[in-house]
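There are 2 protein chains.
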Amino acid sequence: MKTVTLAHGNGGAENQELISKVFYKAFKNEILTKSEDAAVIEDGNLAFTTDSFTVSPLFFNGADIGKLSICGTCNDLAMMGAKPKYLTCSVIIEEGFEIKSLEKIVKSMKNELEINGAIIVSGDTKVVPKGSVDKIFINTTGIGQILQKGISSNLISSEDIIIVSRDIGCHGATIFAAREGMDMNSDLKSDCASLYPQIKALIEAGIKITALRDATRGGVSAVLNEWANQSDICIEVQEDKIPISDEVKGICELLGFEPMSLANEGTFVMAIKKEEALKALEVLQKFENSNNACIIGEVTQQYPKKVVLNSAWGTKRFLELPTGELLPRIC
Amino acid sequence: MKTVTLAHGNGGAENQELISKVFYKAFKNEILTKSEDAAVIEDGNLAFTTDSFTVSPLFFNGADIGKLSICGTCNDLAMMGAKPKYLTCSVIIEEGFEIKSLEKIVKSMKNELEINGAIIVSGDTKVVPKGSVDKIFINTTGIGQILQKGISSNLISSEDIIIVSRDIGCHGATIFAAREGMDMNSDLKSDCASLYPQIKALIEAGIKITALRDATRGGVSAVLNEWANQSDICIEVQEDKIPISDEVKGICELLGFEPMSLANEGTFVMAIKKEEALKALEVLQKFENSNNACIIGEVTQQYPKKVVLNSAWGTKRFLELPTGELLPRIC
Chain G
119 MKTVTLAHGN GGAENQELIS KVFYKAFKNE ILTKSEDAAV IEDGNLAFTT
169 DSFTVSPLFF NGADIGKLSI CGTCNDLAMM GAKPKYLTCS VIIEEGFEIK
219 SLEKIVKSMK NELEINGAII VSGDTKVVPK GSVDKIFINT TGIGQILQKG
269 ISSNLISSED IIIVSRDIGC HGATIFAARE GMDMNSDLKS DCASLYPQIK
319 ALIEAGIKIT ALRDATRGGV SAVLNEWANQ SDICIEVQED KIPISDEVKG
369 ICELLGFEPM SLANEGTFVM AIKKEEALKA LEVLQKFENS NNACIIGEVT
419 QQYPKKVVLN SAWGTKRFLE LPTGELLPRI C
Chain W
119 MKTVTLAHGN GGAENQELIS KVFYKAFKNE ILTKSEDAAV IEDGNLAFTT
169 DSFTVSPLFF NGADIGKLSI CGTCNDLAMM GAKPKYLTCS VIIEEGFEIK
219 SLEKIVKSMK NELEINGAII VSGDTKVVPK GSVDKIFINT TGIGQILQKG
269 ISSNLISSED IIIVSRDIGC HGATIFAARE GMDMNSDLKS DCASLYPQIK
319 ALIEAGIKIT ALRDATRGGV SAVLNEWANQ SDICIEVQED KIPISDEVKG
369 ICELLGFEPM SLANEGTFVM AIKKEEALKA LEVLQKFENS NNACIIGEVT
419 QQYPKKVVLN SAWGTKRFLE LPTGELLPRI C
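In order, the protein sequence lines correspond to chains G and W. Mind the numbering: the first sequence is residues 119 to 449 in our numbering, read in order. Mind the numbering: the second sequence is residues 119 to 449 in our numbering, read in order.
No lab work stands behind these hints: they were computed from the structure. Heads up, a few of these hints could be off.
For chains that are exact copies, the list does not tell them apart, and a pair is met inside one copy or across any two.
Dumping the calculated DSS-like pairs for lysine-lysine here, alpha-carbon to alpha-carbon at most 30 Å [stated by the list, open to error]:
#1 Lys152 to Lys222
#2 Lys404 to Lys423
#3 Lys404 to Lys146
#4 Lys248 to Lys267
#5 Lys391 to Lys152
#6 Lys139 to Lys225
#7 Lys218 to Lys139
#8 Lys225 to Lys120
#9 Lys222 to Lys253
#10 Lys120 to Lys228
#11 Lys359 to Lys404
#12 Lys146 to Lys367
#13 Lys218 to Lys397
#14 Lys424 to Lys404
#15 Lys201 to Lys146
#16 Lys318 to Lys203
#17 Lys248 to Lys222
#18 Lys392 to Lys143
Build out the structure end to end from the sequences listed, making use of the hints.
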C-alpha cells in the first residue's frame, strides 16, 4: 500500500486491509475492533454509527442520495437491534448546485426519517469551490436505542441458520445500469429501504436474533465472509436458494458480475437459531420489502472461517471476500 | 436562492439563510432549532454534534486536517459543557492519495483524541475516483457527557459580561497565508487546539457558565451576532480590548479583512455573570492557549439583537453578521 486505490473502498478485502492497517491500528479500542455495523455504547443501551454517501448518479430508480443517506445509517442501527432515534446530517455541496435538487434530496430524507421515527438534531453545511467535490456528499451519523441486546457478528454457531431478507443485488445493478445509460426496459430498481420496521416486528414477535447485517458494499458475500471470520465458523450456502430477480441475473450474466458481491441498500442477512427460523420468516414475509425472505444456508464447522457455495448439482466452491474495484460510488 | 454559492458556506448571513430555509424547514424539531453548538439529548445528559472538514491545504502551520477534525467536534461538545467521549470518523478519500499522508493525518487525530480522553468507536471509508473529491474530506461526529447543564446561547442577560479566550483570527490568517504562498517570516500559526481542558478547569473551579461558543467560520463576529439574536440582547464590545496579534493585524490591514470575522479553531467566546469573571480569567490564564484571555464587552438592552463596537475614541458602529464569500475551505 503506497497510495489509496478504488479497491480500498470496495467493502471487500482491500477495504478491510486499509481499515485495519491504518485506522484500527491508530484508533484501537475494544468497541471499534468488534467491527459491528454500529458501536454499542452506554452500558449496551445505545448504538452509534456513521456513513458518508457519495453515490453517483444522485437520483436513480427507486431512491436518491437523500433517501439512501437516512436508510444507510438507520439500517446500521437497526442491524444492532436498535430503534433509530437521533441523527446528525453533514453536507458538503459544490458551488453552483441547484437549490431545487437540494430541496428534493432533503425532502427524501425527511420522508425516510419519519418511517424510522428519528429526527435530525444537529447539522453542518460546507460549500466548496467547483471541482473540489462532485455535486454533493452527505454524512449521517445516528444514535439508536437498543431494543434487543446481544446481537453480534461474533457469536454465530452451528445452531444458527442463515436467512436473506429478499432478492439480492438490486441496488448495485440499478446504479450500474444508470451509470452506463443502459435502458433496462424493466422493473429493475434499487432495494433502498428502511429496515427498522422489519426488525421491530421480529423483536416484538419475541424472536431472539443472533446476528444481523445489511448487505451493502461487497454484498451478501462480504457479510458472510466477515461473519465466518469473526465467529470462526463455516457458512454453507445453497446456491439455488439465493433469491435473484431475472433483471439482476441478466445484468450479471451480461457483465460477468457475481450477484453475491453486488451492493444492496435494503436487504439484510440474519443468523438465527434453527427453531426460530419459520417464525422469523412468517414475520418477514408479511412485509412487501421482504416477502421473498428465505433460508439460504447453514452454519457448520466444515471449513472454519470460510463460506462454501453448494450448487444444485452437488458441487462445492468457496465464496471469497470480494476483491478489486467493484463499483465505486455505489453508496 | 437558485443555486448554492460559496457565500452559503461562510458561517455568516447567507449560511444561516440556507440552513433555515432548506434544512431547518424540512427537519424542524425543538432540539435542532435551538441552534446550539451541539444538540442536547437523553434528558440533558449527552451532547451530540457533527462536522465535516474540507480544509485546504491539508497541512498548515500549527495543525493539519486530522488535528482539526478532532478539535472541531470535541470543541463543539466542550462548548456545551460536555466531556468528549465517543466519536465516529468517516473519510472520503480520492484515489491516488498517499498512504503516508493518510497515516500522518490519522496520527494527528490519535494525539488529539488522547488530549480529550475520547475514542473513535465507529467509522466509514469511501474511496472515490480522481476529480470527485479534492484529496480527502473527514467527518467526525461526537457524543459528550454533559458535566454542567444549562449552558445555552439563548439565556444571556445584562448580568453577563463577554470574555474571549485568546487573541483572535490566527486560523483564518494562517490558511489564507498558506494558500496565497505568503511567506510571513513570522510566528503566525493556527490556533487549532482542543478546548476541553480549559472548560473542564472552569467547571471544576465551580464557575457557572451562561454561554460558550468557539468562534469558527464567521469568527467572533458571527458568535456575538447569533447570541445577540438568540438571547434578544445588545452586546457592546470595546474595540481596543480585543486581543489581536501583530501578525494577524498585518494580514488584515494588507487585505482589508475584518479580524472579528476571521475563523478560529481554538478560541472561544464566553458569557458569564459579572461576579464570576475574575475567577474565570484566573483559571483561563493558567493555560498557555488562553493566557491572554480577557473581557471584551458587556450585555445591555441598548440595541436589541445588535452587536455594537465602541472605539477607544468614543465612536460606535454596529458589527454585522459577516456576509459574502469570506474564505472557503477554511475548515
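Structure-based check of each hint:
1. Lys152 to Lys222: between (37 Å within a copy, 24 Å between copies)
2. Lys404 to Lys423: So Lys404 and Lys423 fail the 30 Å test inside a copy (33 Å) and across (56 Å) alike.
3. Lys404 to Lys146: neither (42 Å within a copy, 33 Å between copies)
4. Lys248 to Lys267: neither (46 Å within a copy, 42 Å between copies)
5. Lys391 to Lys152: Intra 22 Å, inter 46 Å, cutoff 30 Å: intra-copy only.
6. Lys139 to Lys225: between (39 Å within a copy, 13 Å between copies)
7. Lys218 to Lys139: between (42 Å within a copy, 12 Å between copies)
8. Lys225 to Lys120: between (41 Å within a copy, 17 Å between copies)
9. Lys222 to Lys253: For Lys222 and Lys253, both the intra-copy (14 Å) and inter-copy (28 Å) Cα distances are at most 30 Å.
10. Lys120 to Lys228: This pair counts as between: shortest inter-copy Cα distance 21 Å, intra-copy 41 Å.
11. Lys359 to Lys404: within (20 Å within a copy, 68 Å between copies)
12. Lys146 to Lys367: Classified as neither; 41 Å inside a copy, 43 Å across copies.
13. Lys218 to Lys397: neither (45 Å within a copy, 51 Å between copies)
14. Lys424 to Lys404: Intra 32 Å, inter 58 Å, cutoff 30 Å: neither.
15. Lys201 to Lys146: both (27 Å within a copy, 20 Å between copies)
16. Lys318 to Lys203: Classified as both; 13 Å inside a copy, 29 Å across copies.
17. Lys248 to Lys222: both (21 Å within a copy, 27 Å between copies)
18. Lys392 to Lys143: Close neither inside one copy (37 Å) nor across copies (48 Å); limit 30 Å.
Of the hints listed earlier, those the structure fails to meet are numbers 2, 3, 4, 12, 13, 14 and 18, in rising order.
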